[in-house]
Amino acid sequence: MGIVLWIIFGGLVGWIASLVMKTDEEQGIFLNVVVGVVGALIGGWLMSYFGGTGITGFNIYSFIVALLGAIVLIGLIRMLRRA
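Position 32 of the sequence shown, counted from 1, bears residue number 1111 in this note's numbering, the numbering being contiguous throughout.
Hint data in this document are derived by calculation from the structure and do not stem from the laboratory. All values reported here derive from a predicted model rather than from experimental measurement. Warning: the hint list may mix true and false statements.
If you anchor each label on the Cβ, the simulated ranges turn out as follows [said to hold, decoys possible]: (1) M1158 x N1138: 29 to 35 Å; (2) T1132 x E1105: 29 to 35 Å; (3) I1156 x Y1128: 28 to 34 Å; (4) T1132 x R1161: 32 to 38 Å; (5) M1158 x G1081: 30 to 36 Å.
Just so you know, even glycine gets a beta-carbon here, dropped at the ideal spot from N, CA and C.
I would like the entire structure built from these sequences, with the hints used as guidance.
Structure representation (structure tokens):
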């Protein structure tokens, strides 16, 4: 994927993850993109670690993998903030 698609993909994934984790009020569009892109990296790494396929492009499977990674990222950030 090109950089523009990564930004669009990251924005969508970060926005959905922030809605799921109820952090949408705290995050702006920039943080949604960052959470989405980093979440895609984390999700891809986790899937390859467990023997699955990581991010394969702009499709539903990659969206779900990235969404799971973004949710894990938001959960880790929440955990670190409480400590």
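Verification of the hints:
1. Our hint of 29 to 35 Å for M1158 and N1138 holds, since their Cβ atoms are close to 30 Å apart.
2. In this structure the supplied range 29 to 35 Å holds for T1132 paired with E1105, their Cβ-Cβ distance being about 32 Å.
3. Take I1156 and Y1128: their Cβ atoms lie about 20 Å apart, and the range 28 to 34 Å is violated.
4. Remark: the range hint 32 to 38 Å for T1132 to R1161 is upheld by a beta-carbon distance near 34 Å.
5. At roughly 33 Å, the beta carbons of M1158 and G1081 sit within the given window of 30 to 36 Å.
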